[in-house]
Every structure is written in structure tokens, then in C-alpha cells.
Amino acid sequence: MTATASPVDPGRRRGGAGRSRAGLAFVAAYTLLLVAFGAVPTCYAIWFAFTDAGGGFTGFANFVTTARDFRFADSVGHVALYLVCWLLSLVVFVVGLALMLHRLSSGPVSRTLRFLYYIPGALAGAASVLVWLFMLDPTVSPVSALLGALGFDTFGQVIAPGNLPVLFTAIAFWTGAGGWIVVMYGALDNIPQDVMEAARIDGAGAWQTAWHVQIPMLRKWIVYMVILAFAGGAQLFVEPQLLSLASVGVAGRDYSLNQLTYDFAFQLNNVNGAAAVSMELLVVSLSAAGLFVARSGFFDAD
Amino acid sequence: MSVDKRRPVLLAACAAALAMTVAACGSGAPAKAGGALTVWVDATRVAAAKQYQALHPEVKLDIVSYDGDANGSNYLQTKVQLFNRTGKGWPDVVFSSQNNEATWAVDAGFAAPLDKGLVPADTLAGFAKGANDVCTVDGTLYCLRNDLSQAVLWYNEPLMKQFGYTVPKTWEEYQKLGEKVAAEHPGYLVGDAGDSYTPEIYLWASKCEANHITGPKAVTVNTGGEGCTRMAALMDGLIKNRSMSVSGVFSTDFGKNQAAKVLLMPGPAWYGGAVFRDTLKTAPKTIGVAPIPQWQGDTAPATGNVGGGTWLLSKHSAHQKAATDFLTWVTTDNAYQGEKAPGFPAYAPAAENWLKAQAAAGYLVGDLGALKDASSQVWPGWGSGQFSQESVWAATVKPGLTQGQSIASLLPAWQDSIVKHAESFGYKVSS
Numbered sequence: 001m002t003a004t005a006s007p008v009d010p011g012r013r014r015g016g017a018g019r020s021r022a023g024l025a026f027v028a029a030y031t032l033l034l035v036a037f038g039a040v041p042t043c044y045a046i047w048f049a050f051t052d053a054g055g056g057f058t059g060f061a062n063f064v065t066t067a068r069d070f071r072f073a074d075s076v077g078h079v080a081l082y083l084v085c086w087l088l089s090l091v092v093f094v095v096g097l098a099l100m101l102h103r104l105s106s107g108p109v110s111r112t113l114r115f116l117y118y119i120p121g122a123l124a125g126a127a128s129v130l131v132w133l134f135m136l137d138p139t140v141s142p143v144s145a146l147l148g149a150l151g152f153d154t155f156g157q158v159i160a161p162g163n164l165p166v167l168f169t170a171i172a173f174w175t176g177a178g179g180w181i182v183v184m185y186g187a188l189d190n191i192p193q194d195v196m197e198a199a200r201i202d203g204a205g206a207w208q209t210a211w212h213v214q215i216p217m218l219r220k221w222i223v224y225m226v227i228l229a230f231a232g233g234a235q236l237f238v239e240p241q242l243l244s245l246a247s248v249g250v251a252g253r254d255y256s257l258n259q260l261t262y263d264f265a266f267q268l269n270n271v272n273g274a275a276a277v278s279m280e281l282l283v284v285s286l287s288a289a290g291l292f293v294a295r296s297g298f299f300d301a302d
Numbered sequence: 303m304s305v306d307k308r309r310p311v312l313l314a315a316c317a318a319a320l321a322m323t324v325a326a327c328g329s330g331a332p333a334k335a336g337g338a339l340t341v342w343v344d345a346t347r348v349a350a351a352k353q354y355q356a357l358h359p360e361v362k363l364d365i366v367s368y369d370g371d372a373n374g375s376n377y378l379q380t381k382v383q384l385f386n387r388t389g390k391g392w393p394d395v396v397f398s399s400q401n402n403e404a405t406w407a408v409d410a411g412f413a414a415p416l417d418k419g420l421v422p423a424d425t426l427a428g429f430a431k432g433a434n435d436v437c438t439v440d441g442t443l444y445c446l447r448n449d450l451s452q453a454v455l456w457y458n459e460p461l462m463k464q465f466g467y468t469v470p471k472t473w474e475e476y477q478k479l480g481e482k483v484a485a486e487h488p489g490y491l492v493g494d495a496g497d498s499y500t501p502e503i504y505l506w507a508s509k510c511e512a513n514h515i516t517g518p519k520a521v522t523v524n525t526g527g528e529g530c531t532r533m534a535a536l537m538d539g540l541i542k543n544r545s546m547s548v549s550g551v552f553s554t555d556f557g558k559n560q561a562a563k564v565l566l567m568p569g570p571a572w573y574g575g576a577v578f579r580d581t582l583k584t585a586p587k588t589i590g591v592a593p594i595p596q597w598q599g600d601t602a603p604a605t606g607n608v609g610g611g612t613w614l615l616s617k618h619s620a621h622q623k624a625a626t627d628f629l630t631w632v633t634t635d636n637a638y639q640g641e642k643a644p645g646f647p648a649y650a651p652a653a654e655n656w657l658k659a660q661a662a663a664g665y666l667v668g669d670l671g672a673l674k675d676a677s678s679q680v681w682p683g684w685g686s687g688q689f690s691q692e693s694v695w696a697a698t699v700k701p702g703l704t705q706g707q708s709i710a711s712l713l714p715a716w717q718d719s720i721v722k723h724a725e726s727f728g729y730k731v732s733s
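Chains as they are written, first to last, in this note's numbering: chain A, 1 to 302; chain B, 303 to 733.
No lab work stands behind these hints: they were computed from the structure. Any given hint could be a false lead.
What the hints assert, rightly or not - For lysine to aspartate or glutamate, the following DMTMM-like pairs were computed, each having C-alpha atoms within a straight-line distance of at most 25 Å:
#1 K722(B) - D74(A)
#2 K722(B) - E280(A)
#3 K730(B) - D74(A)
#4 K583(B) - D555(B)
As the list claims (entries may be wrong) - Ranges of calculated distance between the beta carbons of each label pair, as one might list FRET restraints:
#5 F70(A) - E481(B): 35 to 41 Å
#6 A80(A) - D669(B): 54 to 60 Å
#7 F93(A) - K587(B): 53 to 59 Å
#8 A715(B) - A53(A): 28 to 34 Å
Computed from a predicted model, the values in this text were never measured in an experiment. Here a beta-carbon is modelled for each residue, glycine too, at the ideal position from N, C-alpha and C.
Generate coordinates for the entire structure from the input sequences, incorporating the hints supplied.
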């Protein structure tokens with residue numbers, strides 16, 4: 001048997017090795033940053049959560065102290081209510097809008113709408129909230145007539161405590177949902193044409209196609225969205241903090257758990273307590289993500 | 303998709319981690335002598351620092367503008383905690399619009415004692431009676447008061463004349479006038495109850511013992527006392543007949559709808575410039591100043607106080623002499639306090655000059671003596687604790703007021719909230 005030439009071109013092999021090294025360099029840089037600004041601070045926070053100001057081990061004392069704080073239960077309730085409003089609205093409206101957008105096919109209307117949906121998400125979070133502070137003040141709002149029709153004549157009436165979950169949901173949806181609509185649109189585009197064609201031949205209308213074909217095939221994307229939205233929602237901070245400043249405290253500077261964490265750290269000088277609450281949020285978010293992944297078969301091969 | 307925008311879960315820990323990392327590299331020693339004097343001021347006090355710089359070109363001054371802890375932002379406290387960890391970065395002198403800075407700044411080891419050799423006793427003696435009480439912790443002075451914010455009764459003189467009313471001297475007369483205004487000139491106002499500092503204007507002046515700081519970590523809270531209930535009833539009546547607004551003077555709807563409707567307005571000394579001239583754009587020669595009303599039968603006059611800034615000097619400063627010179631100049635010198643300062647100076651000789659300057663400027667009408675008299679009539683039964691009374695009122699009482707509940711019905715909830723906040727700061731609460 002004679003030796004045969006390698007089927008791989010040496011030049012291409014060198015190119016492949018170069019790309020591989022470049023890939024490794026990118027991964028290494030990312031890993032380094034992840035360790036420096038993700039893993040190390042997390043470990044440091046864990047250490048803080050189980051120690052006192054002098055560095056002595058305290059077991060769960062910081063968790064007990066913060067849980068007994070008179071604001072803790074209220075903050076948990078506020079965040080839980082907000083999460084229900086936020087996740088429900090996100091799933092229903094994002095999926096619904098993406099399906100409607102997809103029905104418009106890929107014409108100029110669809111492209112324009114996708115661009116418009118994406119704009120609010122491109123604004124920084126704090127800037128988005130500031131836009132909303134302007135919108136919610138009946139005296140200066142461009143939609144003051146609508147606010148007036150709803151019975152709101154002053155900013156104080158709009159930001160009444162009972163309205164806050166809805167307001168924060170609206171702000172978060174406006175800020176974050178557009179990007180998800182674009183993602184869902186992309187996922188809908190990836191549904192094989194023959195599957196859609198088969199549904200059409202079988203006599204499925206728009207609603208049946210959406211319910212029985214498209215939504216099931218979007219399942220993993222929806223789960224992915226819910227996991228990230230849950231983590232982001234549990235960390236509610238910017239919206240209530242800015243609203244609190246704008247309303248000179250009426251909205252409360254301890255509305256969410258993250259605001260409470262901030263207060264523990266920088267008002268009560270209890271960094272260890274703040275770290276304990278942060279750990280609780282981390283555990284809850286990770287547990288929720290694990291539950292969603294396990295129940296949805298997120299990592300199952302298709 | 304906006305997860306990153308709302309991800310301060312580990313903010314405190316990350317900040318602390320970074321701070322500790324820097325601390326490990328730093329020496330922990332104060333900045334070397336010979337550098338610039340770092341002065342932190344709010345936007346309003348930038349002019350004061352610049353004026354000092356112009357008059358003292360030999361001093362290297364690094365003027366840093368920050369929010370002055372306005373609305374209880376706690377910016378200074380947050381930064382000092384981080385500086386304490388890193389061992390450097392403290393400003394040499396800092397202005398704060400909050401009166402309770404000394405309560406934490408002493409604990410945090412930031413504020414330098416001023417009456418132990420830094421500021422002469424005869425200079426300190428020139429401050430108005432009680433002006434520096436908020437700066438005194440365990441008998442030692444840790445800051446100097448910039449201005450006083452004693453409450454007085456502001457009134458629209460042409461309107462009062464036009465309506466044929468006289469300025470009320472007692473709260474009972476004030477209440478009757480409010481009722482007359484509601485009946486005869488609906489829409490006009492005798493005050494507002496919509497600001498977070500409303501209790502400091504009305505309830506403090508009524509000797510309501512909601513915030514009696516009795517020791518470094520002790521407070522008496524009794525919102526059920528007569529001082530609180532009688533003023534709550536008065537305000538509820540006027541809110542009900544709409545002669546008292548539930549919108550604050552700085553809210554956009556007040557400026558738009560009610561700016562021209564203010565007949566009377568109890569408020570602090572700084573209302574003349576900041577509210578009537580700058581915010582409500584009231585015409586010159588319109589607003590007069592009268593003493594805050596008193597309850598019939600009360601033997602000694604009492605009024606409340608809303609803010610009034612303080613200046614602190616850092617214990618870590620490597621330029622203590624220069625810092626003390628700046629501190630003394632900015633709080634006592636006529637060049638700024640007597641002539642340029644927007645608020646009523648806490649330093650009495652400068653206050654005399656300031657009143658003359660105000661009279662000469664000609665915006666306010668009539669005798670301004672009520673401002674001077676009120677400066678020594680602030681009721682001492684209300685203090686400046688570490689917890690914010692304004693935040694408690696804003697979060698506990700104001701939403702209820704907006705929704706039509708009475709102040710009287712909210713007094714128990716107010717009491718409960720004050721007690722909880724005070725206890726969370728380690729205060730021993732009695733009632």
C-alpha cells in the first residue's frame with residue numbers, strides 16, 4: 001500500500017490552527033474576565049454573607065438578621081408580585097406580537113416594526129426609566145389626556161403604591177420586550193417551511209398553526225426568555241430607585257430586595273447583611289432556572 | 303434582554319471586593335501634604351468655593367460638585383464607607399444639605415472635632431443659638447451649620463390686602479382664615495401638605511414629639527400627643543376644604559396650577575428665594591414674611607426647621623489648617639454668607655448683613671425681622687437622627703394623603719414606621 005497524501009491541505013490546516021488559537025485567545029480573555037468580575041466577587045459575597053464585620057464566621061446569622069428586618073417580607077412580596085406581572089405579560093405579549101409580526105411576512109412593514117420594537121431596548125435602563133417618569137407625570141406627559149381619562153391628575157396619584165407593579169411591568173416591558181420579539185421572530189423564521197406547509201395543507205388556520213405548531217417549536221426560546229427575565233426581574237432595582245428619587249421617597253427606597261440590599265450596605269453599613277440578601281436572590285434565581293430547565297427539557301436533543 | 307441593566311445583585315459585594323483589592327495595594331495613609339485642598343459641594347455652593355478660590359489664589363483648590371446628599375441620597379455616606387475601606391479618597395471639606403450627617407460621620411470616623419483646637423471658641427460663639435446642635439455629638443462639635451431653615455409664615459401682601467384679610471398670629475386664626483378662604487376665594491391656598499418635609503414645617507412647629515432625639519442612640523416617638531393631633535386635625539380640615547394643597551411646591555402640577563394661588567405659605571427661610579422667586583416666579587414686592595403662628599395659650603414661641611446645610615471637615619485631611627481656613631471663611635465671612643448666600647446664615651453677624659442685603663435687593667416686601675426672630679425659636683424637641691424623617695413621612699403618610707386619607711388617621715402608621723426605622727438604626731425608642 002502506498003502512502004497517500006493527506007486529504008487536508010497543509011495551508012488550510014495552518015489556517016485552522018490559527019483560528020483555533022484565536023478562538024482560544026477569545027475564550028481565555030472571556031474566562032479571565034468571568035473569573036475576575038463574576039466568580040471572584042460571587043465567592044467574596046459568599047464569604048461576606050457568612051461572616052461579620054470583623055471577618056468572624058457567623059453561620060446563618062446574617063440571613064436571620066436580614067429576614068427579621070421589618071422591610072424584608074414586604075420587599076419579597078413586592079418582587080414576587082412584580083415577577084408574576086412581568087413574566088406573564090412578557091410571555092403572552094412577546095409571543096403574541098412575534099406571531100403577528102411573522103404573519104406580516106418579511107415586507108417593509110415587518111422590518112420597520114422590528115426596528116421600532118428594538119429601539120427602546122437600545123436605550124440604557126436608567127434612561128428608559130427617565131423617559132417613563134416624564135410619561136407618567138400628567139402635567140408634562142404627551143399622553144396626559146389618557147392619564148386624565150384613567151383618573152390620574154397628578155404624578156402622586158399615578159405612582160400610588162398599588163399601581164407600582166403595573167408601572168414597573170410596563171417600564172420593563174417597554175425596555176426589554178422589543179429585543180425578545182426580534183429573537184422570537186428569528187426563531188419563527190427557523191421553523192422549516194415544509195412543517196408550516198404541512199399544517200396549511202392539513203387545514204390549520206392561523207390560530208391552530210400558532211397554537212399547535214409554532215408555539216411548541218418556540219418552547220425552548222420561551223423558556224430561555226423566562227429564565228433570563230426571572231433573573232432580571234428578581235433583581236428589580238433601577239425602576240423603583242429612580243421612581244423613589246423622582247417622587248422624593250413616595251415610591252419607597254426599600255421597595256425591592258435589591259434596594260434593601262443597597263440600603264443594608266450603604267445606609268445601615270451592614271455589608272454582610274447585604275451579601276446575605278444577595279445570596280438569597282442568587283439561590284432563588286438559580287433554583288428557578290434549574291426548575292425551568294428540568295421541566296422544559298431545555299437541553300434535550302431535538 | 304435587559305438583564306444586565308438590572309443587575310446590581312452583587313453590587314455591594316462587587317464594590318466592596320474592588321475596594322478591598324485597592325485597599326490591599328494602598329498604604330491606608332492620608333494623602334500627602336502639599337496637594338490640593340479637595341472640597342465637595344453641591345451645585346449651589348460651587349459659587350462659594352469659586353469665590354474663596356478667587357480671594358485666595360495661593361490655595362490650591364480642587365472643587366468637586368456632587369448632589370450634596372439632596373433628598374437623602376446618602377452619596378457622601380456611601381463614598382466615605384468605600385474610602386474607609388480603601389484608606390484614601392476622602393474630601394478635605396464637604397458640604398451637605400442634610401442636617402444628620404454628623405450622626406453617622408462621627409461613627410464612621412470621618413468628621414473631625416472642630417471645637418478641640420481647630421475653630422476658635424469666639425468664632426463658634428457667633429453662631430445663632432442652637433444652630434450647631436445638629437453638629438454636636440456627645441458634647442463635641444463635628445460640623446458647622448451653613449444656614450438656618452427656620453420656618454416662618456410667608457404671605458402674598460397684595461392679595462391679602464385685596465381680600466381684606468390680616469395675617470394670622472395664632473394657629474386658631476390661621477384655621478379660621480383657611481375656612482374663610484375656602485368659602486370666599488376657592489382655589490386660593492393657605493399652605494401645602496404635599497412635601498416630604500411637611501411634618502418639619504407644621505408638626506415640628508406644633509411641638510409634636512415624633513422625633514425627639516434624647517441621646518446619641520435614643521429617641522422618643524409619640525405621634526399620639528396633643529402637639530401632633532391638634533395640628534393633624536387643623537391640616538385635615540384645610541385639606542378637606544381645599545385651602546391646603548396635597549401637592550408639594552416643587553411638583554410640576556403645583557407650579558402649573560397653583561403657583562399664582564398662594565395666599566399664605568408656612569415654610570422655611572429659603573422659601574423666599576428658592577420657592578417664590580425661582581420656582582413659582584412670583585413677582586417682586588409681593589411676598590412678605592411674618593412669624594409662624596402659635597397656639598393660643600402657648601407661653602413660648604416655637605417653630606420648625608427644614609434642612610439647612612452643614613460643612614464637615616475630614617479627620618483624614620492632610621491639610622487641616624487650610625481646610626479649617628476654608629471652613630471658617632465659607633460659614634462666617636460676609637463676602638459669601640453675608641452677601642451672596644441664598645439661605646439665612648447660621649453665623650449671626652453674617653445673618654445681620656444678609657438681612658440687609660435681602661432688604662436692599664428688594665424682592666421681598668416689608669420688614670424681614672420675623673426671619674431673625676425665628677432663628678432662635680426653633681423648638682428643640684425635634685432632632686436630627688440618623689434615620690430620615692422625610693423618607694418615613696413620604697413613604698408612609700404621603701401616599702395615603704394623595705388617596706384621600708386624613709393625617710389624623712395616619713398618625714398610628716406614622717408612629718409605627720418611625721419606630722421601626724429608628725430601631726433598624728439601633729436607636730432605643732421610647733414613646
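Going through the hints against the structure:
1. K722(B) - D74(A): Roughly 13 Å between the alpha carbons, so the hint for K722(B) and D74(A) holds.
2. K722(B) - E280(A): holds (23 Å)
3. K730(B) - D74(A): holds (23 Å)
4. K583(B) - D555(B): holds (14 Å)
5. F70(A) - E481(B): 35 to 41 Å: For E481(B) against F70(A), whose Cβ atoms are near 40 Å apart, the range 35 to 41 Å holds.
6. A80(A) - D669(B): 54 to 60 Å: holds (59 Å)
7. F93(A) - K587(B): 53 to 59 Å: holds (57 Å)
8. A715(B) - A53(A): 28 to 34 Å: Check passed, 33 Å falls within 28 to 34 Å.
Consistency note: the structure conflicts with none of the earlier hints.
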